[in-house]
Amino acid sequence: MAPTTQTCSACRGRKVRCDGVQPMCGPCSKARKPIECVYTPATAIASTPKGEYLKKGAACGPCRRKKKKCDAKRPFCSTCKVAGKEKDCLYEENTERTLTEALFMRTHYLEQRLAQYESQVVMAQPQGLPDDILPLTGFSHPDPPIASTSRLSHSGASVHGQGGYDVPLYNLPHAINVLFDCMTVPSPTMDLTLSTPHIPQGLEEFRQTYIEHSRQYGCTLSPEKMEAILAGDVSGTVVHPAFTYVAQLLGCLFWQIERRMNMYTGVEHEQLQLLFGVLDSINPVGELQIRYLLAIYYLFKQQMAEGEEQLVLGADLVRRHNIIFPTSADTFDPLQMQEATPDQAELISALSHLLYLDRCSSFVFHVPTRLDKSLDEALKNVALYYPFFAKTNTTYIRARSLLYLIRVHELVTHWDSINAATPSGMFSAARPAWFNTYWPLLEDITGSTSHIDGEMLKASFYGERERAIALKFSLVIMLSAKAQLHWLVHRTHAESVQRALDTVMEVVSVTKTFKDNDFFLLDPLLGVCWGIVAKIMMEIIRNPPPGMEGEISWAAALKTIDKSTKKLGHEFPFVEESLQVVSDVMRIVEVQ
Numbered sequence: 001m002a003p004t005t006q007t008c009s010a011c012r013g014r015k016v017r018c019d020g021v022q023p024m025c026g027p028c029s030k031a032r033k034p035i036e037c038v039y040t041p042a043t044a045i046a047s048t049p050k051g052e053y054l055k056k057g058a059a060c061g062p063c064r065r066k067k068k069k070c071d072a073k074r075p076f077c078s079t080c081k082v083a084g085k086e087k088d089c090l091y092e093e094n095t096e097r098t099l100t101e102a103l104f105m106r107t108h109y110l111e112q113r114l115a116q117y118e119s120q121v122v123m124a125q126p127q128g129l130p131d132d133i134l135p136l137t138g139f140s141h142p143d144p145p146i147a148s149t150s151r152l153s154h155s156g157a158s159v160h161g162q163g164g165y166d167v168p169l170y171n172l173p174h175a176i177n178v179l180f181d182c183m184t185v186p187s188p189t190m191d192l193t194l195s196t197p198h199i200p201q202g203l204e205e206f207r208q209t210y211i212e213h214s215r216q217y218g219c220t221l222s223p224e225k226m227e228a229i230l231a232g233d234v235s236g237t238v239v240h241p242a243f244t245y246v247a248q249l250l251g252c253l254f255w256q257i258e259r260r261m262n263m264y265t266g267v268e269h270e271q272l273q274l275l276f277g278v279l280d281s282i283n284p285v286g287e288l289q290i291r292y293l294l295a296i297y298y299l300f301k302q303q304m305a306e307g308e309e310q311l312v313l314g315a316d317l318v319r320r321h322n323i324i325f326p327t328s329a330d331t332f333d334p335l336q337m338q339e340a341t342p343d344q345a346e347l348i349s350a351l352s353h354l355l356y357l358d359r360c361s362s363f364v365f366h367v368p369t370r371l372d373k374s375l376d377e378a379l380k381n382v383a384l385y386y387p388f389f390a391k392t393n394t395t396y397i398r399a400r401s402l403l404y405l406i407r408v409h410e411l412v413t414h415w416d417s418i419n420a421a422t423p424s425g426m427f428s429a430a431r432p433a434w435f436n437t438y439w440p441l442l443e444d445i446t447g448s449t450s451h452i453d454g455e456m457l458k459a460s461f462y463g464e465r466e467r468a469i470a471l472k473f474s475l476v477i478m479l480s481a482k483a484q485l486h487w488l489v490h491r492t493h494a495e496s497v498q499r500a501l502d503t504v505m506e507v508v509s510v511t512k513t514f515k516d517n518d519f520f521l522l523d524p525l526l527g528v529c530w531g532i533v534a535k536i537m538m539e540i541i542r543n544p545p546p547g548m549e550g551e552i553s554w555a556a557a558l559k560t561i562d563k564s565t566k567k568l569g570h571e572f573p574f575v576e577e578s579l580q581v582v583s584d585v586m587r588i589v590e591v592q
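Read in the UniProt record's numbering, the sequence shown has 476 at position 476, and its numbers run on one by one without any break.
For the record, the hints were derived by calculation from the structure and aren't laboratory data. Check before you lean on any hint, since a few could be wrong.
[To be verified] Within a straight-line C-alpha distance of at most 30 Å, the following computed BS3-like cross-link-like pairs (lysine-lysine) qualify:
| # | residue 1 | residue 2 |
| --- | --- | --- |
| 1 | K67 | K15 |
| 2 | K67 | K567 |
| 3 | K15 | K81 |
| 4 | K69 | K563 |
| 5 | K73 | K458 |
| 6 | K81 | K68 |
| 7 | K15 | K87 |
| 8 | K66 | K512 |
| 9 | K566 | K458 |
| 10 | K30 | K73 |
| 11 | K81 | K567 |
| 12 | K30 | K85 |
| 13 | K15 | K68 |
| 14 | K225 | K301 |
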């Protein structure tokens, strides 16, 4: 009997006949791409864990057709990536999604019909009769409904009796059947609650969604303006109609994203046309807000060119109209500080969020900034003039947290350049100047982190979910910046090492508190922060600090970061780079 030849790992994985030639077999030598030809016993391969099983139908289309192993990673699986067929890696989710949409719309429609019938039955019952007797005489078709895209109210329906049907009082089943037959079936998009000429019919569910997510959009308007938006007012008396239209536009988009649906693109197109039609009459600060809200809309639609255009238009508005952060007085007097008025709060929030979007897109996408650097210092000075606003406004806190993170990134780059120029020892002419910047920055970040943590706990305690999540987001940004600062000097300062370890675990602790339905309220920037923390944990795992071996389960902490980054990637575009960073760290740690 001829001895069996060995099979290399590559041929075994591809299910190809191997000739057993060493150091490289024939199939591996003829492969189009370089392949590592390694001979591993089959028992070793079989003993390795196979990983989690996928749900039925979760694999991509090519792997399902070819019956290949698929890990269902997004945007493309590892099998298609190795084969160089990333463009063909598509997930067949449309069938399930279409069924879900159909069921949702059918349920929505039936709820509306039931509400209409109940309303008409109640109004048809005269006073003085028992509840079980319905004199259903004289029903006719009501006025035709007005189409919209809102939910049906349980009140406000009207019935016009014209003596067309006579039903015996004692025959209730027959009476109800006749009633159902004679009534006009309401439209799935019927709305009977909005009748004011200046308020468009329907869309209130989308406006409600917008109000719930207003902190995420960076929108800080007065309560009166928010109420007008929620009511759908387009008269311009309280709020410019552009804000109502953009609320309906963004609310429609996020309403669909929350439900994993795509059924109201026509509504989005209509609201866009209405919005662009009223922009000529808006003031500069209002237009500034509309521009960055449109940029958010286009970025979520992954229309990068249109989103960039809106950010450029917003930056151009700032320059043309010289829009700056307000100050309370010509001469600064800390004893006479006044709180921001609604108009000042709106201006500060608008500039803060535009600055956040500008710096965030530059930091995440590695593109040039559009706004002048002087606005960074001006935003910092807002806390001097309006301390209460600076401590409580989530839009301002988010923008300032990002600027701290960017400042730390610049300091890290400078530190690396100093070490590259003078690798031997701490003695360099540039180091004292660097530390003169390092210590004040660390002090500012530590103080701001403590304050944000306190505000977050307060919001969480009082059940302000959206505010608490927004503050947690800013807290993770600040903690990742703080961990980076402490870790910079870990080779020469044991106290900084301990502070870095504690801060990293704080990031993990806050990350664990995010629920699955919270990730939709976050931002792709969070993936960058988790990537920073993952790199620090990788260095800790590879070279544990003296005396700290085995004290903390760093692998479990890193797994928390990995899972959270993947969840963020399912909710937002533009997280691919962060996913790759964390994935690389996980792979390096696994081979340790």
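Check: What hint numbers does the structure not satisfy?
Finding: Hints 5, 8 contradicted; others consistent.
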